[in-house]
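**Student:** Next come the chains, spelled out residue by residue.
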Amino acid sequence: MHDRLRRTLALSRKEFYQIVRDPSSILIAFVLPLILIFIFGYGLNLDTARMRVGLVVLDHSAEATRFASAFSGSPFIALVPLAREQDAAHAITAGTVRGFVVIQNDFSTHLKRGDAAAVQVVTDGSDPNTAAFVAAYAQGVWEHWLDVRRAELGLPAQAGIAIEPRYWYNPAAISRYFLVPGSIVLIMTVIGALLTSLVVAREWERGTMEALLSTPITRTEFLLSKLMPYYLLGIASMSVCWIASVTLLGMPFRGSLFVLLGITTLYLAVALGGGLLVSSALRNQFNAAQAALNIAFLPAVMLSGFVFEISSMPPPVRAVTYLFPARYFVSSMQTLFLAGNVPRILLINALYLVVAAAFLIGATARFTKRRLD
Amino acid sequence: MPEVTSESSDESVIEAKGLTKRFGDFVATDQVSFSVRRGEVFGLLGPNGAGKSTTFKMLCGLLAPSAGRAAVMGIDLKASASRARQQLGYMAQKFSLYGNLTVAQNLDFFSGVYGLKGRPRTAKIAEMVEAFDLRRYLPVTSETLPLGFKQRLALACAIMHQPPVLFLDEPTSGVDPVTRREFWTHINGVVEKGVTVMVTTHFMDEAEYCDRLALVYRGQVIAAGTPDDLKEQAASEQTPEPSMEDAFIELVRRHDREVAHA
Numbered sequence: 000m001h002d003r004l005r006r007t008l009a010l011s012r013k014e015f016y017q018i019v020r021d022p023s024s025i026l027i028a029f030v031l032p033l034i035l036i037f038i039f040g041y042g043l044n045l046d047t048a049r050m051r052v053g054l055v056v057l058d059h060s061a062e063a064t065r066f067a068s069a070f071s072g073s074p075f076i077a078l079v080p081l082a083r084e085q086d087a088a089h090a091i092t093a094g095t096v097r098g099f100v101v102i103q104n105d106f107s108t109h110l111k112r113g114d115a116a117a118v119q120v121v122t123d124g125s126d127p128n129t130a131a132f133v134a135a136y137a138q139g140v141w142e143h144w145l146d147v148r149r150a151e152l153g154l155p156a157q158a159g160i161a162i163e164p165r166y167w168y169n170p171a172a173i174s175r176y177f178l179v180p181g182s183i184v185l186i187m188t189v190i191g192a193l194l195t196s197l198v199v200a201r202e203w204e205r206g207t208m209e210a211l212l213s214t215p216i217t218r219t220e221f222l223l224s225k226l227m228p229y230y231l232l233g234i235a236s237m238s239v240c241w242i243a244s245v246t247l248l249g250m251p252f253r254g255s256l257f258v259l260l261g262i263t264t265l266y267l268a269v270a271l272g273g274g275l276l277v278s279s280a281l282r283n284q285f286n287a288a289q290a291a292l293n294i295a296f297l298p299a300v301m302l303s304g305f306v307f308e309i310s311s312m313p314p315p316v317r318a319v320t321y322l323f324p325a326r327y328f329v330s331s332m333q334t335l336f337l338a339g340n341v342p343r344i345l346l347i348n349a350l351y352l353v354v355a356a357a358f359l360i361g362a363t364a365r366f367t368k369r370r371l372d
Numbered sequence: 000m001p002e003v004t005s006e007s008s009d010e011s012v013i014e015a016k017g018l019t020k021r022f023g024d025f026v027a028t029d030q031v032s033f034s035v036r037r038g039e040v041f042g043l044l045g046p047n048g049a050g051k052s053t054t055f056k057m058l059c060g061l062l063a064p065s066a067g068r069a070a071v072m073g074i075d076l077k078a079s080a081s082r083a084r085q086q087l088g089y090m091a092q093k094f095s096l097y098g099n100l101t102v103a104q105n106l107d108f109f110s111g112v113y114g115l116k117g118r119p120r121t122a123k124i125a126e127m128v129e130a131f132d133l134r135r136y137l138p139v140t141s142e143t144l145p146l147g148f149k150q151r152l153a154l155a156c157a158i159m160h161q162p163p164v165l166f167l168d169e170p171t172s173g174v175d176p177v178t179r180r181e182f183w184t185h186i187n188g189v190v191e192k193g194v195t196v197m198v199t200t201h202f203m204d205e206a207e208y209c210d211r212l213a214l215v216y217r218g219q220v221i222a223a224g225t226p227d228d229l230k231e232q233a234a235s236e237q238t239p240e241p242s243m244e245d246a247f248i249e250l251v252r253r254h255d256r257e258v259a260h261a
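Residue numbers (numbering that gives the first Met the number 0), protein chains in the order written: chain A, 0 to 372; chain B, 0 to 261.
Just so you know, not all the hints are guaranteed correct.
Unchecked claim - If you anchor each label on the Cβ, the simulated ranges turn out as follows: (1) A:219 - B:73: 25 to 31 angstroms; (2) B:66 - A:260: 50 to 56 angstroms; (3) A:372 - B:47: 16 to 22 angstroms; (4) A:289 - B:231: 54 to 60 angstroms; (5) B:79 - A:362: 23 to 29 angstroms; (6) A:15 - B:118: 21 to 27 angstroms; (7) A:15 - B:184: 35 to 41 angstroms; (8) A:361 - B:180: 49 to 55 angstroms; (9) B:65 - A:252: 56 to 62 angstroms; (10) A:346 - B:73: 25 to 31 angstroms; (11) B:82 - A:34: 48 to 54 angstroms; (12) A:361 - B:82: 23 to 29 angstroms.
Stated by the list, open to error - Below, a list of computed lysine-lysine pairs in the DSS-like style, where the Cα atoms sit at most 25 angstroms apart: (13) B:149 - B:123; (14) B:192 - B:123; (15) B:93 - B:149; (16) A:368 - B:123; (17) A:368 - B:77; (18) B:116 - B:192.
Since the hints were derived computationally from the structure, they do not count as laboratory data. Note that the structure is predicted; figures quoted are calculated from it, not measured. Beta carbons are placed, not taken as given, at the ideal position from N, Cα and C, and that holds for glycine.
Same shape as in the complex, but just chain A (with noise of 0.2 angstroms):
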């Protein structure tokens, strides 16, 4: 037994001398976790603002002047005044404006009737995002308008619904309090799967499996060897992540580190092994590479529900999510960051992943040969 760990031990240190000479890997668990959380804390954002769109006003009452100026004044709007309905068009398709509103020369005489003045909203339906921003921006500020007047006339306020949205967990419908945990997720799995696909490979291409396999160490030892080193690189850099997401980007956590130490141990363990299965049953350092990316890496960008959300997929494509990891590991992050321990959650996610590790290192251990045939 003490043979064993002393084994261990010596095939773990050499596998970290192996980390700390080789500077990608301290760029991947360490670097790459900055500029990451740093493109997807400030660099992408899915908020709009400032958003430049074009005014056609063809009616020059004065109901329909004070209606124009309604449109400005907002942060989020730059408007740009156009003569006509044609230089709007040109200007839509030239991508000066994301869209425009015009008002057509009968507005005040429809308004003064009563009946539905006509206002027209175009955007550029070629970013959907923003399309449907200046589309609920404009029917908001004609909603406004018209409590307005009707105020100003002295006319009771239209009975109805007045919507006042909260946005629950994060409060400020901020999309970095989104995007954040997940890009943490792209980080664990980058160290865990692509790192680790590389290292049995390794071995086989230079020879060194060689003279491992002459040796007394045994399977177990030989995956602890491989598992435990990354295993302390992951948790090292979800250190970085954690405190660069709250110092630095103001993100809330409130959750408990416990469960999220827990949560991605099981994660690491998950990633982990499939690295190694794949590194271990390819031998060869690029196509094993190659895999990691397209098994791991892009379904955890795709399909684990970190930029595009998973309920609003095809059915299809849906039910496939659920065969990916990163799902869970996204949604735990998501929830121990924004919401807090949730039992329910957590639960069921940290059940699938344990499946789901158990099942990838008892892979690599069949794919893990004793001898060179």
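Given chain A's structure and the hints, the job is docking chain B onto it.
**Tutor:** Relative to the frame of chain A, chain B by itself:
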């Protein structure tokens, strides 16, 4: 190096019995049997692709035999591989240490993997550094070592746990004859401590260093004995005193003729 505890001097340390390896239809090693005694330097001599490397790898547990039995120190390599591996040192044909680690880190790693600890471990590493003159290379990345020193380091790593049996797979391929001779003085030093050495080679001068040889050709042992035995077997009227190379060529040709006649 301390003496390896010896029980009886003529016991067989390495044993091959009907050893066979098939890769699909191709038979790389065909019913090979021999035994190596304690303290011997036993050579597998043969042309490239003759199957000597396959035979060799089955004997040190790197390949599983398709049939037959391979044992080291009486331990079956199939039944208790890990225990058998503790008894042997192995030096691969290709440099198989960690190229991006330093000489010191490689020594440290292999001593740990073989279960050395504490003061004996430090002492052993110091002894190896001394014996192979590695001191000034300790902080050097091992892939940048001169070839001769790479081989010394590989040998040092292979014998650190004082194995009674040492396996060397074409240990001096790619080095000049002077370095080869110098490397063999190190091997002979190991042999003097009672270590049994098994070596594969296709160099005639290297074959001369062996106590006994098995000539491997087309997967079979076609001749065996001391270097002088083999020369004697190959002697003919035209060449009454053949060199090792002459003997090698003659024995291979004779085998080809026998196969053609059969």
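**Student:** Compare the structure with each hint and give your call.
**Tutor:** Hint check results:
| no. | hint | result |
| --- | --- | --- |
| 1 | A:219 - B:73: 25 to 31 angstroms | 26 angstroms, holds |
| 2 | B:66 - A:260: 50 to 56 angstroms | 52 angstroms, holds |
| 3 | A:372 - B:47: 16 to 22 angstroms | 20 angstroms, holds |
| 4 | A:289 - B:231: 54 to 60 angstroms | 59 angstroms, holds |
| 5 | B:79 - A:362: 23 to 29 angstroms | 26 angstroms, holds |
| 6 | A:15 - B:118: 21 to 27 angstroms | 23 angstroms, holds |
| 7 | A:15 - B:184: 35 to 41 angstroms | 36 angstroms, holds |
| 8 | A:361 - B:180: 49 to 55 angstroms | 51 angstroms, holds |
| 9 | B:65 - A:252: 56 to 62 angstroms | 60 angstroms, holds |
| 10 | A:346 - B:73: 25 to 31 angstroms | 54 angstroms, violated |
| 11 | B:82 - A:34: 48 to 54 angstroms | 49 angstroms, holds |
| 12 | A:361 - B:82: 23 to 29 angstroms | 26 angstroms, holds |
| 13 | B:149 - B:123 | 19 angstroms, holds |
| 14 | B:192 - B:123 | 15 angstroms, holds |
| 15 | B:93 - B:149 | 11 angstroms, holds |
| 16 | A:368 - B:123 | 30 angstroms, violated |
| 17 | A:368 - B:77 | 14 angstroms, holds |
| 18 | B:116 - B:192 | 22 angstroms, holds |
Going through the hint list in order, the structure does not satisfy hints 10 and 16.
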